[in-house]
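Trainee: Based on the provided sequences and hints, a complete structural model is requested.
Protein chains in written order, with the working numbering: chain A, 14 to 241; chain B, 14 to 241; chain C, 14 to 241; chain D, 14 to 241.
Check before you lean on any hint, since a few could be wrong.
[Claimed, not checked] In silico EDC-like cross-links for lysine to aspartate or glutamate, where the CA-CA straight-line distance does not exceed 16 Å:
(1) D:K198 x D:E133
(2) A:K198 x A:E237
(3) A:K19 x D:E17
(4) D:K19 x D:D194
(5) B:K198 x B:D52
(6) C:K19 x B:D49
(7) A:K55 x A:D26
(8) D:K198 x D:E17
(9) B:K19 x C:D49
(10) D:K19 x A:E140
(11) A:K19 x A:E238
(12) B:K198 x B:E237
[Claimed, not checked] Quick list of the computed label-pair ranges, beta carbon to beta carbon:
(13) B:W190 x D:C45: 44 to 50 Å
(14) C:S53 x B:L20: 19 to 25 Å
(15) C:G126 x D:N205: 50 to 56 Å
Hints in this document: simulated from the structure, not taken from any laboratory. Don't be surprised by glycine CBs; every beta carbon is placed ideally from N, CA and C.
Number of protein chains: 4
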Amino acid sequence: MSNEVKLLAHTPDAERIVAAAARLCYSDTTACALMDGLDSQKTAAFLAHLRESGHFSPFEHATFSFAVDGISRVCSHQLVRHRLASYSQQSQRYVLMGEPRTVLPPSVAAHEGARSLFEETVRRSHEAYEALIALGVPREDARYLLPHGWETRLVVTMNARELHHFFSLRLCRRAQWEIQDLARKMLRLCRNVAPALFSPAGPACVTGHCLEAHPCGSPFSSVEELLL
Amino acid sequence: MSNEVKLLAHTPDAERIVAAAARLCYSDTTACALMDGLDSQKTAAFLAHLRESGHFSPFEHATFSFAVDGISRVCSHQLVRHRLASYSQQSQRYVLMGEPRTVLPPSVAAHEGARSLFEETVRRSHEAYEALIALGVPREDARYLLPHGWETRLVVTMNARELHHFFSLRLCRRAQWEIQDLARKMLRLCRNVAPALFSPAGPACVTGHCLEAHPCGSPFSSVEELLL
Amino acid sequence: MSNEVKLLAHTPDAERIVAAAARLCYSDTTACALMDGLDSQKTAAFLAHLRESGHFSPFEHATFSFAVDGISRVCSHQLVRHRLASYSQQSQRYVLMGEPRTVLPPSVAAHEGARSLFEETVRRSHEAYEALIALGVPREDARYLLPHGWETRLVVTMNARELHHFFSLRLCRRAQWEIQDLARKMLRLCRNVAPALFSPAGPACVTGHCLEAHPCGSPFSSVEELLL
Amino acid sequence: MSNEVKLLAHTPDAERIVAAAARLCYSDTTACALMDGLDSQKTAAFLAHLRESGHFSPFEHATFSFAVDGISRVCSHQLVRHRLASYSQQSQRYVLMGEPRTVLPPSVAAHEGARSLFEETVRRSHEAYEALIALGVPREDARYLLPHGWETRLVVTMNARELHHFFSLRLCRRAQWEIQDLARKMLRLCRNVAPALFSPAGPACVTGHCLEAHPCGSPFSSVEELLL
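Mentor: This is how it looks when you write it as structure tokens:
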């Protein structure tokens, strides 16, 4: 996949803040004093306890902002269905789509004939887009011809509770490969900076108990396996 | 426009419920007693007072569910950015797109050459989609070739507060024509069943004070004008 | 308990709307046509399938509005923590609290000495509230003396997905008795008008798998038992 | 006021992230490249433009977490009504309230007789709370006697868009003095670390156009005045 996912920013000291906020509920002292008393081992143990009990509300105090470049509009349409998150997305109404840039699905890439038909069709659609603009059609209307796989960019911010929910749905093998790939990259970035908040994270096969009426048949055995 | 928008359901007696809920905040009696005391004239006057003061929170008690058929995926991608709402949308991963069905922008329809190029490109893209499927590419990947203007269906539920927000943004002349058209149809349906909740409703030119740095230059003079 | 909970309004034909919205995702037909094809048996079977798979998003299309009178401010403070809901609550800033009206906890009522101390303290606090007002203290400040158990009224609207979440947390034996009682009354009202949306509903012991690190030790065996 | 409000954490480089996210919508480049091109002057100018146009959605990418100690349960009940935020609050179900700690309203403090009646009533209520516990009443029920003004602690996280909304409502002179005081402290902390995101911020008299049917009569002339 040629997309790029970067962690733009995240709550500093996120693990201790989540742990201190959770402890506050059951303590007679301040959040700041609680933070002072938390080393990384105690923090990790306490976060594990919260996750196992399903008490995710303190995870909301930690937020993560990602710059995502080069996913398809198919994928972004799925992504923005997660409503407890914030999005700023490149507008096709205002920005001219100057060159054909479309995500190529692996199932298409794997078959020479499929691939050349795909690329040919993308090229022609983009030519028609440019021809419409030359005829005076506004960009926002000419784009009705651009293929769904067209690339987009966005900034997305989610808190760690919603990220857990997102990873549970989108790292499942039943999710589409492109959003799985995006979620995998996001989870790797999160685990780099806040491992204790996201160990584990992922679909029910990794964190709990799969409820799907028609399960995939090849559950992941661990977060490490799904992150390979 | 060939799309269809129907009101599937709405909160019964929505106007009186909103008015009674608002009154409850300042009264020493029950919501049911307050409803009994509200005739349609008092209700309308009280709702007007709430709207003018910007006190929209009681409007959340009234919800409206719409069946929307035949809008483009361009329009649905804009629509689902409204996060305080509920959506169920037809999946292109599972449903076979058997025939070319694409929304034709008026700016394209108006120009014979543009129109035939548009239709030709849509037809070819759909043929390529079918060819990929014949080669064994899954539907969810073949659709990367379908044009953005492809038609979709969905059910959307919003409460009256969020509808007011939606109408304020999407009935503005700066919104794209397709979502303006959708919003107009939704507002007409709302006003049929709950006129006092939505008189007026719409962009700042109709309900208040336009803040746009680059205004459209032709503000609406009334809700009636924008609903024409 | 002397509180009163009434169902003010709910989405008409809620079960079929939820089922049709869910089917829409996998069909090539309209929501209206799908509704026409759903009798109550098919609807119930399909809703059971959604619940068992954990696919609750279509449940959001059904909303329920309740009038709640006579719960304590303790209970309302817990209730409004559910953020995916709408509230209109009686204001103590504006409404004069003319008589002592406080929720009496069963654990206090059960012990004669505790009960008389409780009632005496409530009476004195209310007298001090009235004395402060007589001295010119605003209502909004005098109420700082009113006990937490003081009664309040509100209108609350939730959709069926959030109601399921609410019932899962607040019908658990570990929730406080007062919000358990409120949730039980709300669930009975929901099941009267839309049984297929809420069979079953409730804590993990009834609908799934308890995750509590310290479980209550006496799980409910069925929704019927918890509704007794 | 004896409460304490501390900024626990905030999005690093928040101003540039918000500005870059907003620019992304209209650019053909990446968020990272956009950030590189933004010095503090350009950032401030661009954020001012967004605020003036009412385009607040990119402000959601910046979040702020506060530790709040010593506000009353009156104030926390108002605070948690802001639903687009995250809260962890000290539980009176689990934590023993060992000493009388109640917020004293200035209107009560200003009058000697009122103050002594207030303090006497708080003391008696707390004694009754302790007596109930001695009789075997659970903490969660004994607290039904504690006065509304009882102190609480919490951690709250809001993004900058919701903070603007919060400041617009709660820095208005019509809000209660205690939440005004809390909001003022929060705004000062925000402006220390991200001035360009919050200049100005506050009620309509400072940022726009007051809609209240019954305005306060003494509008603020500037943010500086309201922060005094």
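Trainee: For S53 (chain C) and L20 (chain B), compare the CB-CB distance with the range 19 to 25 Å and indicate the outcome.
Mentor: holds, 22 Å
Trainee: Holds or violated: K198 (chain A) with E237 (chain A), Cα cutoff 16 Å?
Mentor: holds, 13 Å
Trainee: Holds or violated: K19 (chain A) and E17 (chain D), Cα atoms, limit 16 Å.
Mentor: violated, 36 Å
Trainee: Does the structure keep K198 (chain B) and E237 (chain B) at a Cα separation of 16 Å or less?
Mentor: Roughly 13 Å between the alpha carbons, so the hint for K198 (chain B) and E237 (chain B) holds.
Trainee: Verify the proposed pairing of K55 (chain A) with D26 (chain A), using a straight-line Cα cut of 16 Å.
Mentor: Holds, at about 14 Å.
Trainee: Look at the Cβ atoms of G126 (chain C) and N205 (chain D) and judge whether their distance stays inside 50 to 56 Å.
Mentor: holds, 53 Å
Trainee: Mind checking the alpha carbons of K19 (chain A) and E238 (chain A) for me, to see if they're no more than 16 Å apart?
Mentor: With Cα atoms ~22 Å apart, K19 (chain A) and E238 (chain A) exceed 16 Å; violated.
Trainee: Measure nothing beyond the straight line between the CA atoms of K19 (chain D) and E140 (chain A); if it is 16 Å or shorter, mark the hint as holding.
Mentor: The given pair, whose Cα atoms are some 57 Å apart, is violated under the 16 Å limit.
Trainee: Within a Cα-Cα threshold of 16 Å, do K19 (chain B) and D49 (chain C) meet the stated pairing?
Mentor: holds, 14 Å
Trainee: Lying within 44 to 50 Å: is that true of the beta-carbon distance W190 (chain B) to C45 (chain D)?
Mentor: The hint (44 to 50 Å, Cβ to Cβ) is violated, given that W190 (chain B) and C45 (chain D) are roughly 34 Å apart.
Trainee: Does D52 (chain B) lie within 16 Å of K198 (chain B) when you go C-alpha to C-alpha?
Mentor: violated, 28 Å
Trainee: Next pair to validate is K19 (chain C) with D49 (chain B); report whether the Cα-Cα distance is within 16 Å.
Mentor: Holds, at about 14 Å.
Checked against the numbered hints given earlier, the structure breaks hints 1, 3, 5, 10, 11 and 13 and satisfies all the rest.
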